[in-house]
Amino acid sequence: MTPLIEAEGLTRHFDLGRNQTVHAVDDVSLHIDQREIVGLVGESGSGKSTFGKTLLGLLDKTAGQVKFQGETLPQRYAPGDFQRHAQTMQMIFQDPYSSLNPRMTVGEIVGEGLRLHTSLSGREVRERVGDWLERVGLNAAHMARYPHEFSGGQRQRIGIARALIMGPEFVVCDEPISALDVSVQAQVVNLLGELKESMGLTMLFIAHDLSMVRYVSDRMAVMYLGSLIELGVSNNVFFHPKHPYTQMLVGSNPEPDPATERGRGRTAIRGEIPSPVNIRPGCRFANRCPKVMDVCRGTTPELKSVADPEGKEPDRLIACHLY
Amino acid sequence: MTAVIDQVTSALLEVRDLEVEFDTYGGTVRAVRGVSFEVHAGKTLAIVGESGCGKSVTVQSIMGLIPSPPGRIVGGTAKLRGKEIVDGVTADGEIVRGSRIGMIFQDPMTSLNPTMTIGDQIAETLQVHRGFSHSQALRLAVELLEMTRINEPSRRARQYPFEFSGGMLQRSMIAMAIACRPSILIADEPTTALDVTIQSQILDLLRDLQQENNMAIVLITHDLGVVARMADEVAVMYAGEFLETGTADDIFYNSAHPYTVGLRAAMPTNRDESEQDLMPIDGSPPDLFAPPPGCAYFARCPHAMEACRNDPPPGFAVGSGHMTRCWLHHADCSRRIEDLHYAAAAPLEGRDA
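Chains as they are written, first to last, in the working numbering: chain A, 1 to 323; chain B, 324 to 676.
Please keep in mind that the hints were generated in silico from the structure rather than gathered at the bench.
Cβ coordinates follow ideal geometry from the N, Cα and C atoms, glycine included.
Mixed in with the good hints there might be a few duds.
Unchecked claim - Only part of the chain B face toward chain A is listed, based on derived beta-carbon distances under 8 Å:
hint, residue
1, 373
2, 420
3, 429
4, 552
5, 584
6, 589
Please model the entire structure based on the sequences and the hints provided.
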């Protein structure tokens, strides 16, 4: 399979002045194949959203490059680039409350992309918006309403319609379900699954809910403090985590099953994610890692393929000196 | 007399038929509609439900934290060791709120005063409830920060909330809540704003403190994973009512209400590598301005029957200590509870789900 989108050494720093730099995303390489869903997990502050936004060009790249269908995308998007890529790449945002303009009707919100980027007439835009509202489980008559008239789950459907009405090939879903109730999360996940099938979408699914990411995605990528530290087939990463950080992340994931939870030992993970300002060389997880060695404090481990005795997992990549 | 009854039930906190309403411009919201539960020493009761179901209002009304007007308790009683609590104070004038019952909230950033040091805020509790001097209280505050495993507690006590991370703020909130050695700790979504790794640490801390002090915990959450991890007893709340109550095992392995079954089917499980499809619950909870006359879950229930439309189901005992409000458990119901877990949804005409 050919990758649809490829990030090579993608880096995004934020300069705070006074010689302080936030290393939000540092040298991340990741490719996503056509019609594949890659899940991206990690704690808050690990750079997941920044990676998604940099990948789409919503943020300029500090270093590295992104290739879409083999074409290298510009380091910094000009208005014309947004115009062109709005129809191939879109984003669904986390917070269904703050990501919809309260002064625009649902029809204006969902149709805005078509009005800006296509030459469709007003009537055609309204027709498409109506179709899409039906497609995401709302009603075409909802077009005249304002976002405050909808529940969280319905707003997230509006956000999905706004992104997908452009007919994109690649969608970044940034925590699309974390603000929703359990019963509604399943509605939205199933809707995304159906649309992925019918439109042949490729997705980067950012979330902190490991169980949901395992359920949704084909491969799972784990980020810690701006670095990609483990990548592999979702079930393998979840059930056989290799990086000590992934092991702890999976170990802290609460299971809705009392017997499993009773058998669980105490949390092994200590401390909290450190500040991403002016990171020193060495493994970023070294100060919290239970298996830390001398080499971890001096040398940054590279993301590399791990020899698998049975040859079952050629794709598993880990950045850890243990392997 | 009450003492005798207390020994029999041994409940620390006993709530009976609690009803809470809010007057709004749109009408009266019936937020809590007849809720009963008991809290026992050293045990954790989890109240689980979706946003707006009345979980927080239930405990806030017991603590006297509901602003009135617009809110008011229209029925029911809450008794702490047999003594009725009104507005956070027992009948004989003992202050319950913050003293016998401690409370922690979902968002520690907005629950703490940004203009006071962490140490002073914890000390304030001790000065108010225990009459300690400021220096005495401050010394104890540092000890409490140490108990909640904050590094360098004496330096940290002099810092302000903005200098703390989310996890450390929640630890400080816990330190404040346990300052007066409460017999009950109410934790309202204590880990919802935190990462799973920090959540795990906080849950461990709560359990350690519970074991050290034989403290009862009332845990309010929407996360069934957190429930499975912490709860001895579980109450499943929906539209202001408890639809099912029982032990954690009853609720998870022997779910007796279609809503409980539905919640579990809507979440991915990781028992093995197989992938079952997620089964969403269609529709949304009912409007509490005008609660449905029958079962609150009627409009969304895949097993709804004619009886459910207009007749509110009473509590049926499904086992020892396991109660559910569902007509399927009526002796004359032809459907069996086993069908709940497998039966395909039978459509019922005339519902506006």
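Verification of the hints:
1. With 8 Å as the threshold, the beta carbon of residue 373 (chain B) comes within range of chain A, its nearest partner Cβ sitting at about 4 Å, so the hint holds.
2. Violation of the interface hint for residue 420 (chain B) is found here, the shortest Cβ-Cβ separation to chain A being roughly 29 Å, above the 8 Å cut-off.
3. With a least beta-carbon distance of about 14 Å to chain A, the hint placing residue 429 (chain B) at the interface is violated under the 8 Å criterion.
4. Interface hint at residue 552 (chain B): satisfied, since its Cβ lies 4 Å from the closest Cβ of chain A, which is below the 8 Å cut-off.
5. Annotation: residue 584 (chain B) was flagged as interfacial toward chain A, and the flag is violated, the nearest CB pair being 12 Å apart, outside 8 Å.
6. The beta carbon of residue 589 (chain B) comes within 4 Å of a beta carbon in chain A, closer than 8 Å, and the hint placing it at the interface holds.
Going down the numbered hints, you'll see the structure goes against 2, 3, 5, while the others check out.
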